[in-house]
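Take a look at the letters that make up each chain.
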Amino acid sequence: MRIDYRAESDRTEKSFCGTMDLKRMDFSIADKSAAVFYIDGMLDKELFERNILTPLKTTQSLEQPYPEALNKITFTSEAINVLEDFEEFTQAIAAGDLGMIIDEAEQYFIFSVRKYEIRSIAEPPVNSVLHGPREGFNEDLKVNLTMIRRRLRTPNLVVDMLKVGQYSQTNIALIHIDGVASPETVKMIKEKIKKIEIDGVVDSSYIARFLEEKKNSIFRQIGINEKPDIVTAKMLEGRVAIVVDGSPIVLTAPFVVLENYQAAEDYYVKSPRATLTRSIRMLAQFIAILMPGLYVAFQEYQYDILPLKFMTVIMNNIFGLPFSPLLEMLLVLIFFEILNEASIKMPKYVGMALSIVGAIVLGETAVNAGLVSTPAVLVLALSTLGIYCVPDGADSAGIMRLGFVVLAGALGIFGIVLGILFIMAYLTTIDSFGTTLLAPIAPLLPHDFEDIFMKNDITEENERPDTIPNVNKTKMVKEDEKNEK
Amino acid sequence: MKNNLIYKKQYAVLALFASVTLKVLMLPSFMMADCGRQAWFAMLLMMTLEILMFWVVYVVISKQSLLDIEMHKTLKYIIVSFVFFVSVIKGIVVLNETMDYINRSLFEGGLWQYKLIALMGVVFFITYKGPNVIVRCMQVALWLFVISMVMVLVTFEANMQVDNILPFLPNGIGGVLYACDKHYLWFGDFIPLLFFCMTPKHRDKEKISIPMAFCGMMVFIVGFYILFIALYGEAGVLVDHAFSKLMGFTMAEGLEGILFPVVCIWILIAILRTCLTFYALTEAGTFLFKKRLPVMIVLFLGFTIFAYINGGIETAYDIGTSWIRYIVMAVQYSVPILLLVLTRMHAKKEPKPKAIKKTEQKVKYAEDIQK
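If you're matching them up, the sequences are chains A and B in order. Its first residue numbered 1, the first sequence is counted upward by one per residue in my numbering. Its first residue numbered 1, the second sequence is counted upward by one per residue in my numbering.
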């Protein structure tokens, strides 16, 4: 097939439906007519003019085969990509590459000289650390991949590139360490991603939804991470990372619920401190989810459990309230959810004003007006603080808290016990790529307890966890084993 | 039936909870009514028998579960029908006792019938999800159990009279045997475990969990009864739900019910124990009547209506101490032993398939090298 430069150029222009940001430039390379296409704003123009356009315009001859000739003439870090399919050619231009058509050539040519503005690397808003790396992922796939590769300088780090989205053509990188991650897990994830048929992928959460086993569950079934050090550590345990172009959130699978309680800093401080903070986190979440429900249950049904002095204080406060304990707590919860939603969405300049409105006007005035009691506001405040001690589990914790309040209102503590049992049973039914969401508690894997409730010293963790399927158990060779060898 | 493969550790947890959960609620007062301060000795005898039977069940399911064992079709139908009948009776007792425990611990004798529906909903969900979910929930509950026991041990404070346990058998063993016979229905909790199956040996080399569970069962139950008698003496006969009452003897008493979480944890375990009985019932029912979901719906509706109309610990006691217990006793002891004989006969008759033999040889070789 010999390309007719004019016809193909017009066809290319037409395939972009007359978009104004498609730029076309016709010129000659020696005695051959040529045209280049690119999307305005996605091209490094300086590089294009200096290393591609100028050498091409000034060259005296262009001989077959063209790819080799063009590689000799131009100065680019990446070799010219040669395409025979017209659709692939237009897709590459849409993705930001420079497309070239040369009269009587047999293929289309693609130069990779993309350049567009990206957000600089910064510390992510959640999971901040006092000691430890502060880098966070940004929205660029290549930058994110580089951040991971800088930490894993091994040829065993394998990156599989996939494309998802009919219109978005989003690049997705599937990363694992060969010889550590289980090949079955990698295969399972790859196949699931390949099966996705969607018009566009805007964020990695789209992919996460497709990878989850139970779509309507309130519990996360895929890990989300904003920091390369965390992703690296997870990959070293045998997990697979999924980086989606355009998203600063990197997914990891398999996932277990207890990952939510493992903060990055646990691994950078001494183990007693890590154990303490981890226990506090678990306790905080427990209080966050159950406390409002228990408060309702104690008032509605099991009031005799409370110590007398404590009960007197509550009685004094709730005397004359127009609502039942259940309605009162629901009202306070709804107040909080409105405040929470507003504080995230509203402009930062009015954030201070909102705090005043939330804390003083709504809280204090509602108490003074006799609509809600002070203990109810206190319980909710404590509960909310507890929720944000484990930010990765905040979504499900908020829903569970509401559920437990309703159950406590209907059945008291019995309702809470039933709720806990139901959640427990439900979680044991969810699998995440070869592991169970509740592992290593159920099924019981005592080997992995060194990094669950307690955090062992890093020098003692010489094996990878059993929870995550992997093909190489050895993480570290101990000193005495070295000596034996 | 699916996902009924369990590891030794899981069997140990199942056996522990299946056996101990309901023996510390109403049974202490029932036993004391018939054999007084010798109740602990009666429990020692019955628990020895119970542990032996748990061992028999373990040996049986190490090969195959009840429904997978090869035998004549008619014989299997007869055995499963008996197991179904036993499970129905046990189901009534277990459900009523659990509901009574929940009601008396949490609601001061309120309208428990409304709570029954919520309870049955959760039991249905867990039973429907299958054996794996029950086992895993029990594994989580084990942690809660350990935490609750630590809380009890740390805060326990009571003036115990060791003299209360003595004298030992002043009127011979007759009263003890009478109590064992009368309350037999509160024993023989190993039947639901026949529906599980152990994973192949070479994949589960855990050796200590089952002996540990058996020791735990014995120590917990007999220790609990000794403690109970030492605290209450002859008055123990008046104490219902012994476990909850014992939680009152703690340093935390001044804070009124700080050990309430322990009671809540025990309620959770009791519900799981109920699920285990209903699981056996469902599996036996499904084998007999083929369709699982309709069988489950009918069974659960039936139990709910029965408990709604005629519920309460009195019903459980009346059924548990009636002549039906002799049928239950006969089935509970004969079925595991019969299955053991059948599996042994079957193992002798049929040569092992080559593949299994090879795998076993390989495992043995690997173990020898390791040694």
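Just so you know, the hints here were simulated from the structure itself, not pulled from any lab data. Hints are supplied without guarantee of correctness; some may be wrong.
Stated by the list, open to error - Under the rule of at most 30 Å between Cα atoms (straight-line distance), these lysine-lysine pairs were calculated in the DSSO-like manner:
{"no.": "1", "chain 1": "A", "residue 1": "Lys-214", "chain 2": "B", "residue 2": "Lys-290"}
{"no.": "2", "chain 1": "A", "residue 1": "Lys-192", "chain 2": "B", "residue 2": "Lys-129"}
{"no.": "3", "chain 1": "B", "residue 1": "Lys-8", "chain 2": "A", "residue 2": "Lys-309"}
{"no.": "4", "chain 1": "A", "residue 1": "Lys-475", "chain 2": "B", "residue 2": "Lys-207"}
{"no.": "5", "chain 1": "B", "residue 1": "Lys-207", "chain 2": "A", "residue 2": "Lys-478"}
{"no.": "6", "chain 1": "A", "residue 1": "Lys-214", "chain 2": "B", "residue 2": "Lys-129"}
{"no.": "7", "chain 1": "A", "residue 1": "Lys-195", "chain 2": "B", "residue 2": "Lys-129"}
{"no.": "8", "chain 1": "A", "residue 1": "Lys-214", "chain 2": "B", "residue 2": "Lys-291"}
{"no.": "9", "chain 1": "A", "residue 1": "Lys-187", "chain 2": "B", "residue 2": "Lys-290"}
{"no.": "10", "chain 1": "A", "residue 1": "Lys-473", "chain 2": "B", "residue 2": "Lys-8"}
{"no.": "11", "chain 1": "A", "residue 1": "Lys-475", "chain 2": "B", "residue 2": "Lys-8"}
{"no.": "12", "chain 1": "B", "residue 1": "Lys-129", "chain 2": "A", "residue 2": "Lys-190"}
{"no.": "13", "chain 1": "B", "residue 1": "Lys-291", "chain 2": "A", "residue 2": "Lys-215"}
{"no.": "14", "chain 1": "B", "residue 1": "Lys-207", "chain 2": "A", "residue 2": "Lys-473"}
Model, not experiment: these values are computed from the prediction.
Tested hints:
1. Lys-214(A) - Lys-290(B): Distance of about 28 Å is within 30 Å: holds.
2. Lys-192(A) - Lys-129(B): Cα-Cα ~25 Å, so holds.
3. Lys-8(B) - Lys-309(A): Violated - the C-alpha atoms of Lys-309(A) and Lys-8(B) are around 49 Å apart, more than 30 Å.
4. Lys-475(A) - Lys-207(B): holds (26 Å)
5. Lys-207(B) - Lys-478(A): Roughly 27 Å separates the two Cα atoms, so the pair holds.
6. Lys-214(A) - Lys-129(B): Roughly 14 Å between the alpha carbons, so the hint for Lys-214(A) and Lys-129(B) holds.
7. Lys-195(A) - Lys-129(B): Judged against 30 Å, a Cα distance of about 28 Å means the pair holds.
8. Lys-214(A) - Lys-291(B): holds (25 Å)
9. Lys-187(A) - Lys-290(B): Given that 30 Å is the threshold and the Cα spacing comes to 37 Å, the pair is violated.
10. Lys-473(A) - Lys-8(B): holds (23 Å)
11. Lys-475(A) - Lys-8(B): holds (28 Å)
12. Lys-129(B) - Lys-190(A): holds (29 Å)
13. Lys-291(B) - Lys-215(A): holds (28 Å)
14. Lys-207(B) - Lys-473(A): Within the cut-off at roughly 22 Å; holds.
Hint violations for this structure: numbers 3, 9, all remaining hints satisfied.
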